[in-house]
Structure formats: structure tokens, C-alpha cells
Amino acid sequence: MRKLKYVTFFTESSPNPTLVGGKGLNLSKLGTIKATMPPGFIVNTNAYKKFIEKSSYHDQLIDLFSKNIKPEEVLNHSKELKSLIIKSTFPEDIKKEIKEVFDEKFNNSLKKEVSFAVRSSATIEDSKAFSFAGQAESFLNNNNLDEILISIKNCWSSLFSPQALLYLLQMKKKGINFSLLNISMAVIIQEMINSEVSGVLFSVNVLDNNTTQMLINSTWGLGETVTDNLVVPDMIILNKNEFKIIKYDIGKKEKRSIQNPDGSGTILIENDQHSKSACSLTDNQLHQLYNLGLKLENEFNYPQDIEWAIQNDVVYVLQTRPITTLKDKP
Amino acid sequence: MVFMKKIGEGLSCSIKKEVTGELVYIQEINDVINLFDKAAGKICIVDDAGTTTLSPILSELTGTISTTGSAGSHLAIVSREFEIPCIMGLSFEIEDISSLNGKKAKITTQEENKGILYLLE
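So the sequence lines, in the order shown, correspond to chains A and B.
With the first letter of the first sequence counted as 1, position 218 gets the number 218 in my numbering; the numbers rise by one all the way through.
With the first letter of the second sequence counted as 1, position 3 gets the number 1003 in my numbering; the numbers rise by one all the way through.
Note that these hints are calculated values from the structure, not bench results.
For each residue, glycine too, the CB sits at the ideal point set by N, CA and C.
It cannot be assumed that every hint is accurate.
In silico lysine-lysine, BS3-like type, Cα no more than 27 Å apart, as pairs [to be verified]: (1) A:Lys247 - B:Lys1114; (2) A:Lys252 - B:Lys1016; (3) A:Lys95 - A:Lys70; (4) A:Lys3 - A:Lys70; (5) B:Lys1038 - A:Lys174; (6) A:Lys244 - B:Lys1038; (7) B:Lys1006 - A:Lys247; (8) B:Lys1017 - A:Lys70; (9) B:Lys1114 - A:Lys276; (10) B:Lys1006 - A:Lys173; (11) A:Lys174 - B:Lys1005; (12) A:Lys96 - A:Lys70; (13) B:Lys1114 - A:Lys174; (14) B:Lys1104 - A:Lys240; (15) A:Lys240 - B:Lys1005; (16) A:Lys173 - B:Lys1005; (17) A:Lys79 - B:Lys1114; (18) A:Lys29 - A:Lys240; (19) B:Lys1104 - B:Lys1017; (20) B:Lys1006 - A:Lys172; (21) A:Lys247 - B:Lys1038; (22) A:Lys252 - B:Lys1106; (23) B:Lys1005 - B:Lys1104; (24) A:Lys252 - B:Lys1038; (25) A:Lys34 - B:Lys1016.
Far from chain A, by Cβ distances over 12 Å, these chain B residues were calculated [as the list claims (entries may be wrong)]: (26) Cys1013; (27) Lys1016; (28) Asp1037; (29) His1074; (30) Arg1080; (31) Glu1083; (32) Leu1090; (33) Ser1098; (34) Gly1102; (35) Lys1104; (36) Lys1106.
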């Protein structure tokens, strides 16, 4: 079997967290338990490190990584770092390996209308200690390898977004030091699920930490509208011991996110009146989500925060991570 | 004498502590930077995550309010991590949210995780 340096597959039985990042680690576990998830692979942190090391702007980047900045300098600092990363070119061996894996994995898919999601997996996010939730970005609906390569650089540069830099400054104030020199990022490449419905499933009711219930948020279209609070989604509370709907609150769901029909990325469109007031999940889909919640909590041996998407009535897991807010967190 | 006037209601998505603080309407990342060293005691209002995420200053805040979203939004998740009261999907009973800047307010939770925002006058 060919030895890969920059790419790790989800089926890797014991992936190194520093190589695949928090999200990559959780997706690898999902891969080994054969959860229904979009096919893909991880561009691991070896690629990020080599990219920085071989960048024509390496010395400038290291200077910026080492610099102590004040909050008011964050915007400029972020802009400089991002610009140097975007201007840097991929070392040929990284590009070659990603291309080979991409071609092998998606050769057949390319005959269909598919696109790809590129998601960040920083080495300090999605841990049990704190989730770094939403600090780094995802780039959806990439239509070919060239767009994917650009999105990988955009993912890496999101490590240095103003929000991420401010977040790290805040941690520093509390005595937790993450040097930019030590942070790195893996990137997840996955076939994009063009979901009719999507959302978040907590295998406990996080509103009051009730472990006898589950909580689901769901909405039409792609799930970023739920995680980025762009809509008020539906909220469903389920009984956990035996499937039963305890509560179904219909959210306003004014907008939905869909793949940009004219290129890469996503667009927001207004939902029609019926969609706004209708339940976004059928009983059958709720059953599937209920079973998924039980299964993943059991497999991971800890309550899970699961992002999911439904296409043609199939529930796909986009990511899972431990719920970081339970009282008994390890 | 302090009068309490209800100005909005949504879903209480974090710790059910009753808190009072000064309202700040966050509309761009510069608003977050300006609050960096003076976030303590503030209740921040946002419309959506976008570039205005409160995460960097969240641990210092007294409360968070979003006019959209629910328990699964990143803002709600991080608010729970820092045990800060958070109301998501809050419907305001006033037109001009900016007019609330600098005013004192109270967050409470009622039955069924109903999060209520009161103006203190």
C-alpha cells in the first residue's frame, strides 16, 4: 500500500490528533464505525507545516506568528497573515498527492453533478475541554480541484481570522497560551451533501442538561444557517429511553442556504410561506435521527453534538463532537 | 425606584441565572475589539454570527442575546461553555435595537426555557 504523507483517510484506525485535528479525529472514528457520512479525506497538518515552511514568505510569516499583538492590531495582523498565506503557492509534492487521492476517490463522482465541502480541523478545536466552536471556517460547494486548493488555503488562513486571533488573546488573558507557531490545521475534503433538511442533534437536551431527552434543531437547506444562527430553526425534544416526541416547536425558518447555482459557495434565499410554517422533519426522519443519536453516544461513550444533513431521505453525519457543557465533562 | 419593562422574549439556551448588565448592540468586528478590555458587565445583542461572533469576549460577558438561532448555534454552544445566560431567537418588542446601547437590562428564565429580556428604568 502506498505511503501517504499529506493525506489521511477517515478509515485510519488510530489517527494522530495532531495530524488530523479535532474534527478529523472525530470523523475518523465515524469512518471506522461505518457511519453514513459523505466520502472524503483529510489533508493533514503535515501539509500545512510544509506549506508554511516552503512558502516564499516563510520568514515574514514566522515574524508575524511570533509578534505580540494588542486587540486593536488584530484586524491588520489578520489581514497581513491571510494575504501571505493566499499568495503562497502549494509545494508540488503536496499538490500531487492531493490530486492523486482526489482523482482516485472521486473519479466516478465527477461524472455526476457533485461538489465538495472544505472544512477546517484545527488542532485545538472540538476537544472535550473547549470546542473553539465556529472559530475556523468552512468553504462549501467547491466544484473542482482548483477551487478545493484555493479553499484549503482559505481554511488555513481562517486560523488567523480577527475572531480567532481575538479568541486566542482572550485565552492568553486567562493564562492559556496557544502560540501561533504551534497551532496548525488539517483540512477535511468531503463530497458535499446537497441537503433538503439539515441541522444539529444533541444526544442530551442541552437546554437543561436532561440526559433522558435529546434535542434537535432542523431547517431547510444547508445546515450553516443553524450553526451560524441565520434562522430560528425548528426545535424538537425527544424522549430518549423510547422514541417519543415531547415537543415540536416550529421555528420561523425565513431563509435557507443552498449551493450557488452559478458557481462556488452558497447563497441565501427566502423560504416560501409554506416552508416557513411547516415541520422540516418527517416522523421517519426523526426516527432515523433518534437512532443516530443513540448510536453515536454509545460508540463515543459520551453525549454527542452532531451536525447532520438529509438528502433523498438518507441521514448523513457531517461531524460529531463531545458536548462540551455537561457537568461531568472528563 | 427601578421599573422593569419587558422588551423581548426568546429561548433560554444556557445557564438559567438571572443577571443584569449594560446592553451593547454588536454589529461589526470593530464593536468586539472596542469591548475587548471592557466586556465585563455587558449583555451583547447580535443579529447573526457572521463576522460579529462574540466568542473572543464571551467569557467576560454577563449575557448574550441573538435575534435568531437556537440551542445548536455556535453562539449558544460557547455561551454554555462559559456558563453565561444566553437567549436565542429573541423577538424584540421595540423597533430600534441601537437605541438600547448603554441601557441597563435584566435576563431571566421562566418555565419551558422562556428567556425574557427586561429593560431597567
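Hinted pair, alpha-carbon criterion (27 Å max): Lys29 (chain A), Lys240 (chain A). Please report holds or violated. holds, 23 Å
Are all beta-carbon distances from Asp1037 (chain B) to chain A longer than 12 Å? violated, 7 Å
Lys1114 (chain B) paired with Lys276 (chain A) [C-alpha distance capped at 27 Å]: holds, 21 Å
Can the restraint linking Lys240 (chain A) and Lys1005 (chain B) be considered satisfied, given a maximum Cα separation of 27 Å? violated, 39 Å
Do the alpha carbons of Lys1006 (chain B) and Lys173 (chain A) lie within 27 Å of each other, as the hint requires? violated, 35 Å
With a cut-off of 27 Å on the C-alpha distance, tell me whether Lys247 (chain A) and Lys1114 (chain B) pass. holds, 14 Å
Does Gly1102 (chain B) sit more than 12 Å from chain A, CB to CB? Fine: 21 Å to the nearest Cβ keeps Gly1102 (chain B) off the interface.
Given the hinted pair Lys252 (chain A) and Lys1038 (chain B), is their alpha-carbon gap at most 27 Å? Not satisfied, since the Cα-Cα distance of roughly 34 Å exceeds 27 Å.
Proposed proximity, Lys70 (chain A) with Lys96 (chain A) (alpha carbon, max 27 Å): Roughly 39 Å between the alpha carbons, so the hint for Lys96 (chain A) and Lys70 (chain A) is violated.
Just to be careful, I want the Cα atoms of Lys1104 (chain B) and Lys1017 (chain B) compared with a cutoff of 27 Å; is the pair within it? holds, 17 Å
With a cut-off of 27 Å on the C-alpha distance, tell me whether Lys252 (chain A) and Lys1106 (chain B) pass. Judged against 27 Å, a Cα distance of about 25 Å means the pair holds.
Does Lys1016 (chain B) sit within 27 Å of Lys34 (chain A), going by the straight-line distance between their CA atoms? violated, 38 Å
Hint violations for this structure: numbers 3, 4, 6, 8, 10, 11, 12, 13, 14, 15, 16, 17, 20, 21, 24, 25, 26, 27, 28, 29, 30, 31 and 32, all remaining hints satisfied.
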